[in-house]
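> Protein chains in written order, with the numbering used here: chain A, 1 to 505; chain B, 1 to 339; chain C, 1 to 353.
Note that these hints are calculated values from the structure, not bench results.
A couple of the hints might just be wrong.
Covered by chain B, per the in silico footprint, the following chain C stretches (three or more residues, Cβ under 8 Å) [claimed, not checked]:
1. 228–240
2. 303–316
Cβ-to-Cβ under 7 Å is the rule here; a few derived chain C residues that face chain B [as the list claims (entries may be wrong)]:
3. 157
4. 160
5. 284
6. 320
Every residue, glycine too, gets a C-beta built ideally from N, C-alpha and C.
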Amino acid sequence: MDSNIVLSAKGICMTFPGVKALQNVDFNLRKGEIRALMGENGAGKSTLIKCLTGVNKFEAGEIHLDGIDGPVVNRDTLDAQRKGISTVYQEVNLCPNLSVAENLFIGREPMTKFHTVNRRKMNEMAAKLMKDLDLDVDVTQNLEEYSLALQQMIAIARAVDMDCKVLILDEPTSSLDDNEVAKLFVMMRRLREKGVGIMFVTHFLEQVYEVCDGITVLRNGTLVGEYTIDELPRVKLVAAMMGKDFDDLASIKQEGSGDKSKEPLVIDAKGLSHAGTIKPFDLEIHKGEVIGLTGLLGSGRSELARAIYGADRAQTGTLKVKGKEVSIKNPIDAMNLGMGLLPDDRKAEGIIGDLSVRENIILAMQAKQGIFKKIPMAKQIEIADKFIEMLQIKTASRETLIKQLSGGNQQKAILARWLATNPDFLILDEPTRGIDIGTKTEIQKLVLKLADEGKSVMFISSEIEEMLRTCNRMAVLRDGAKVGEISGDDLTQEGVMKAIAGGGK
Amino acid sequence: MKKLKLGGNNILLAITVILFVVMYAGGCIIYADKGFTHLQTFLNVLINNAGLIAVAAGMTCVMLTGGIDISVGSLIAMDCMFLAVGMEHWGMSSPVLMILVLVIGAVFGLVQGYCVAYLEIQPFIVTMAGMFFARGMTAVICKDQVSIVSDKLFTAISNTKISIPFSGYVNKKGIYQTPFIRPTVIVALLVVILVFLMLKYTKFGRSIYAVGGNQVSATLMGLNVKKTKLLTYTLCSLLTSIGGICYCLNTMCGTTTQATGLEMDAISSSVIGGTLLTGGVGNVLGSLVGVLINGTISTLVKSNGKLVSSWANIITAILLCFFILLQAIFAKVKESKKA
Amino acid sequence: MDKVKKITKMKLFLPIFSMILVMMINVIYDIASGNPPFGFFSISVNNGILYGRLIDVLNRGSEVAILAIGMTLVVSASAGTDISVGSVMSLSGGLCCMLLAGYGVTNVSEYAVPLWVGMLAGIAIACVCGLFNGFLVAYMNIQPMVATLILWSAGRAIGLLLCNSNIVYVRVPSFQFFGAYCGIIPTPILIAAVCVAVASIVLKSTALGTYIQSVGINKKASRISGFNSAKIILLCYVICGLCAGIAGLVATCRIYSADTNNIGLNMELDAILAVALGGNSLGGGKFNLAGSIIGAYTIQAITTTLYALGVSSAQAPVFKAIVVILIVVIQSQPVKDYFKKLSAKKAGAKEAA
Numbered sequence: 001m002d003s004n005i006v007l008s009a010k011g012i013c014m015t016f017p018g019v020k021a022l023q024n025v026d027f028n029l030r031k032g033e034i035r036a037l038m039g040e041n042g043a044g045k046s047t048l049i050k051c052l053t054g055v056n057k058f059e060a061g062e063i064h065l066d067g068i069d070g071p072v073v074n075r076d077t078l079d080a081q082r083k084g085i086s087t088v089y090q091e092v093n094l095c096p097n098l099s100v101a102e103n104l105f106i107g108r109e110p111m112t113k114f115h116t117v118n119r120r121k122m123n124e125m126a127a128k129l130m131k132d133l134d135l136d137v138d139v140t141q142n143l144e145e146y147s148l149a150l151q152q153m154i155a156i157a158r159a160v161d162m163d164c165k166v167l168i169l170d171e172p173t174s175s176l177d178d179n180e181v182a183k184l185f186v187m188m189r190r191l192r193e194k195g196v197g198i199m200f201v202t203h204f205l206e207q208v209y210e211v212c213d214g215i216t217v218l219r220n221g222t223l224v225g226e227y228t229i230d231e232l233p234r235v236k237l238v239a240a241m242m243g244k245d246f247d248d249l250a251s252i253k254q255e256g257s258g259d260k261s262k263e264p265l266v267i268d269a270k271g272l273s274h275a276g277t278i279k280p281f282d283l284e285i286h287k288g289e290v291i292g293l294t295g296l297l298g299s300g301r302s303e304l305a306r307a308i309y310g311a312d313r314a315q316t317g318t319l320k321v322k323g324k325e326v327s328i329k330n331p332i333d334a335m336n337l338g339m340g341l342l343p344d345d346r347k348a349e350g351i352i353g354d355l356s357v358r359e360n361i362i363l364a365m366q367a368k369q370g371i372f373k374k375i376p377m378a379k380q381i382e383i384a385d386k387f388i389e390m391l392q393i394k395t396a397s398r399e400t401l402i403k404q405l406s407g408g409n410q411q412k413a414i415l416a417r418w419l420a421t422n423p424d425f426l427i428l429d430e431p432t433r434g435i436d437i438g439t440k441t442e443i444q445k446l447v448l449k450l451a452d453e454g455k456s457v458m459f460i461s462s463e464i465e466e467m468l469r470t471c472n473r474m475a476v477l478r479d480g481a482k483v484g485e486i487s488g489d490d491l492t493q494e495g496v497m498k499a500i501a502g503g504g505k
Numbered sequence: 001m002k003k004l005k006l007g008g009n010n011i012l013l014a015i016t017v018i019l020f021v022v023m024y025a026g027g028c029i030i031y032a033d034k035g036f037t038h039l040q041t042f043l044n045v046l047i048n049n050a051g052l053i054a055v056a057a058g059m060t061c062v063m064l065t066g067g068i069d070i071s072v073g074s075l076i077a078m079d080c081m082f083l084a085v086g087m088e089h090w091g092m093s094s095p096v097l098m099i100l101v102l103v104i105g106a107v108f109g110l111v112q113g114y115c116v117a118y119l120e121i122q123p124f125i126v127t128m129a130g131m132f133f134a135r136g137m138t139a140v141i142c143k144d145q146v147s148i149v150s151d152k153l154f155t156a157i158s159n160t161k162i163s164i165p166f167s168g169y170v171n172k173k174g175i176y177q178t179p180f181i182r183p184t185v186i187v188a189l190l191v192v193i194l195v196f197l198m199l200k201y202t203k204f205g206r207s208i209y210a211v212g213g214n215q216v217s218a219t220l221m222g223l224n225v226k227k228t229k230l231l232t233y234t235l236c237s238l239l240t241s242i243g244g245i246c247y248c249l250n251t252m253c254g255t256t257t258q259a260t261g262l263e264m265d266a267i268s269s270s271v272i273g274g275t276l277l278t279g280g281v282g283n284v285l286g287s288l289v290g291v292l293i294n295g296t297i298s299t300l301v302k303s304n305g306k307l308v309s310s311w312a313n314i315i316t317a318i319l320l321c322f323f324i325l326l327q328a329i330f331a332k333v334k335e336s337k338k339a
Numbered sequence: 001m002d003k004v005k006k007i008t009k010m011k012l013f014l015p016i017f018s019m020i021l022v023m024m025i026n027v028i029y030d031i032a033s034g035n036p037p038f039g040f041f042s043i044s045v046n047n048g049i050l051y052g053r054l055i056d057v058l059n060r061g062s063e064v065a066i067l068a069i070g071m072t073l074v075v076s077a078s079a080g081t082d083i084s085v086g087s088v089m090s091l092s093g094g095l096c097c098m099l100l101a102g103y104g105v106t107n108v109s110e111y112a113v114p115l116w117v118g119m120l121a122g123i124a125i126a127c128v129c130g131l132f133n134g135f136l137v138a139y140m141n142i143q144p145m146v147a148t149l150i151l152w153s154a155g156r157a158i159g160l161l162l163c164n165s166n167i168v169y170v171r172v173p174s175f176q177f178f179g180a181y182c183g184i185i186p187t188p189i190l191i192a193a194v195c196v197a198v199a200s201i202v203l204k205s206t207a208l209g210t211y212i213q214s215v216g217i218n219k220k221a222s223r224i225s226g227f228n229s230a231k232i233i234l235l236c237y238v239i240c241g242l243c244a245g246i247a248g249l250v251a252t253c254r255i256y257s258a259d260t261n262n263i264g265l266n267m268e269l270d271a272i273l274a275v276a277l278g279g280n281s282l283g284g285g286k287f288n289l290a291g292s293i294i295g296a297y298t299i300q301a302i303t304t305t306l307y308a309l310g311v312s313s314a315q316a317p318v319f320k321a322i323v324v325i326l327i328v329v330i331q332s333q334p335v336k337d338y339f340k341k342l343s344a345k346k347a348g349a350k351e352a353a
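Same shape as in the complex, but just chain A (with noise of 0.2 Å):
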């Protein structure tokens, strides 16, 4: 192996009951290099971190670690840690009840001739490795007292002095500010000289092109390239990620009914923003008007379109919804005013796992008639079957518990608990993902019918292509906040991927 490489990782496979998770991906990483790992949603980053870690037992592939001789196989992320593979994930994982010193030495203290701690001992070997990686830090106060970034730090600092060669950071920035994020890149190339070779998991393009060296860009679970930094300006990173090649973009037809300007405004928010989510922004949305949401994944679409529903409480800023200022505290008040959300994770904010089908697909409507206005079954029925229908859900009956259904079927029977509210604004965050490729055209036919009947919708996805197919205006978002908006001739492939990467090449 090259002496220069610290990890080199060839060939690994991955699957799940049913899910090719990793195919045939590489990664390579060299003594001293800071290398982003990079790719859209389902790429395979966090599967492949833990096939390095041990987590994960992979089918085929071989991992190579500098200094140890054949193949290495982890058996869980102690044995990687002991060989020199460490990870540090966006939430610490250390104990905030704990001085900083027990947190650096926990599991491997040093330890007195009695067999108990030896306290002095470890608060000495702490505070000398706080002063080596220029950290004022008092380590005898419990980790809580400290920012989350200085949390971070700690963390990645036991996992050096636990020798590593290889240091895995899993979106360590999502939670800091800038000053913060500064600091963080002071120590990761103070540790870059040290030899320490470290993946950096991000999907700030900005932080990329700071502090990276190289890039690894992962989609759908293979590999699609491993470059440096130089071979990869941003829009050319943008494509690799979503999968365009650059220069075979064909122009889509876009066939939304034009310009909606001159229509009523619908919503008007001004300055709204959440903190750790969302930076001010300003956003108008017309009658009969298709919005998309574009930008990578983490640029923030989400996170707008739930502080305008009130999923996130909006801090700041004014909204104005058909004409009128309201105030939106709760996700009911904003059912109340004619919205509805379509949240990204299913799972976790979509479906109410025990109940059937039809008990789902009322829920919403249920929600927004109060307790004891019970939908009488009848109608129940009758409006479940009705869906069922439209949207071609397939399940054994309405009874069904919905989360026997495939991942799919859920989804399209989410998209019915809010169409059956018949909503004056609704929101649809990533409502094609994991949908054959027939229901994906019928639900865009649904989005463009809703706009003429004078519904406005807000379509967030991945997929340039609908969007593009679909909406009639464009608002793109990245790093956490808006940053322009994209209509009439620039709604293009070429226009949505340049504003997306953003400036600077």
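Position chains B and C against the provided structure of chain A, taking the given hints into account.
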């Protein structure tokens, strides 16, 4: 160099200590004529609650892992009945019986711990079953009350007074009373000290805190969470059995209704002493102060003479409510600071 | 094999199976001791009232059945248990008798205040307790078992105080009626039946059941769909308090006195057991009220059977413990996973063969 930062957890402990001092001082002022200021009053609190102190120490350990053990009262009743019947009906010697009681306690805790740690059943349910079981077994061992009179060693220990050579007083009859404590108090305080040292200085103790702080993190850091929980419940029941022996030395009998509600006292002592119900935070010294507060309330109510003993329960419940709410508010403040 | 699987997956399998098991034990015992084999089921009318072991079970199980209604909802919505119900029973009985007798009086044969005032007060204070519990759980985010711990210890003590630590006797026929007989049927059976009926009607005709289950199964999804989970959880605890109040009054009328030390003692555990035995998951979510009710009577049947077998009331808890452990162990995830693995292996072996 170590700053005693007034973080949320230290504040809770501080409040507890201040509360105790205020209560006791109040008692001294109000009931000075009833002998409240005598050292013996304080020592009596220790004597009467020696068993509870040991139990509270064990309960604190379990609560630190985020769990709870409501079987402790029933386990004590079972232990007492076992001791009583063993000495009176089976003619066994007390040292043997005491060792057997400890073994029973350890096995009891082992089974409960296994169900919680490896079968992943909610601690409340498991220990509720344990409570049922032990309470029922008490009646199975013997349905009636059994008084301990035969065993000379046991009776001797029960009657021993260890004199404290200062702060005596002259009682109404003109006889000088030397303050005293009993061996059970020494045992209880020893338990507290040992548990304190264990929690602070051993790997096991630190892993208890880690498991309670964040179970996922503890696993990722390589700690054996299941084993830690198993040992914690075993330890708790073992300490409960030690408490049971102390309790029996106090009451000198075995009945089926003994120690009902003792689990409540142990839990409230720990909570008042600053142990968070969500786990990860707590101090066995605080639990000791919690027991003292509990005991002081009882003594205050008794000294009053006009108040019925139920008032002690109510006051304890109010205090418990106060501390639970305080903990909840602190937690909310922390959450909002994070976001 | 498939048919067996189908039967075991039926919603009411566990409670009905347990009930049948208990009845069979009774039959076997009867045969063994030379009694008529179906003596358990024999009902006769003596002295103008119904007699029989079956009637006994239905009668004495009334309180647990009523408690089980409220407990089912609480477990479903909040994945927690309300352990204060026994103490709240004692408190409502205590307040009622105290009012009916007048403060400080321990023995009356006529009312100091109208009957309905006393009863209403008893129920009202129970609802207030439910409100207290619900507020702590729903709005202060305190674990249910911890929040209800407060009233678990305070409720009984307050009841004792109200009655001045005495047992207050209300020897008025119209009061005793509620614990005695209505015609030939014991009144508690009727009261329990009415409560169960009202609960079923409410659940059927309003969307309450859907709301509760939705919140219990997936709080986040329920919120997005417009539900206010805090209000629903609060409501469940208030209903549980209400049930405890009714059960407390029934228990008090049965002995026409407020024996605050003993009323409802350990009944919270029976109620929780009833819910678990009814096939409901103690982790919240979907619930089956019928199962809990059957479970409640099954527990009573177990208790009665144990007494018939010569087990004393003090020793009976041992068997309850074993039943509890068996149920929760079977319901536990690791055991479920183990059986899944076993059946997967069998399926694999079948395919290979």
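> Now tell me if each hint is right for this structure.
A quick look at each hint next to the structure:
1. For a cut-off of 8 Å, the count of residues in the stretch 228–240 of chain C with a CB near a CB of chain B stands at 0, and the three-residue condition is violated.
2. Counting residues of the stretch 303–316 of chain C whose C-beta lies closer than 8 Å to any C-beta of chain B gives 4; at least three are required, and the coverage claim holds.
3. Interface restraint check for residue 157/C: the shortest CB-CB distance to chain B comes to about 4 Å, inside 7 Å, so the restraint holds.
4. Proximity of residue 160/C to chain B holds as hinted, the smallest CB-CB distance being about 4 Å (cut-off 7 Å).
5. Interface hint status for residue 284/C: violated, as the beta-carbon distance to the closest one in chain B is roughly 11 Å, over 7 Å.
6. Interface hint at residue 320/C: satisfied, since its Cβ lies 5 Å from the closest Cβ of chain B, which is below the 7 Å cut-off.
Checked against the numbered hints above, the structure breaks hints 1, 5 and satisfies the rest.
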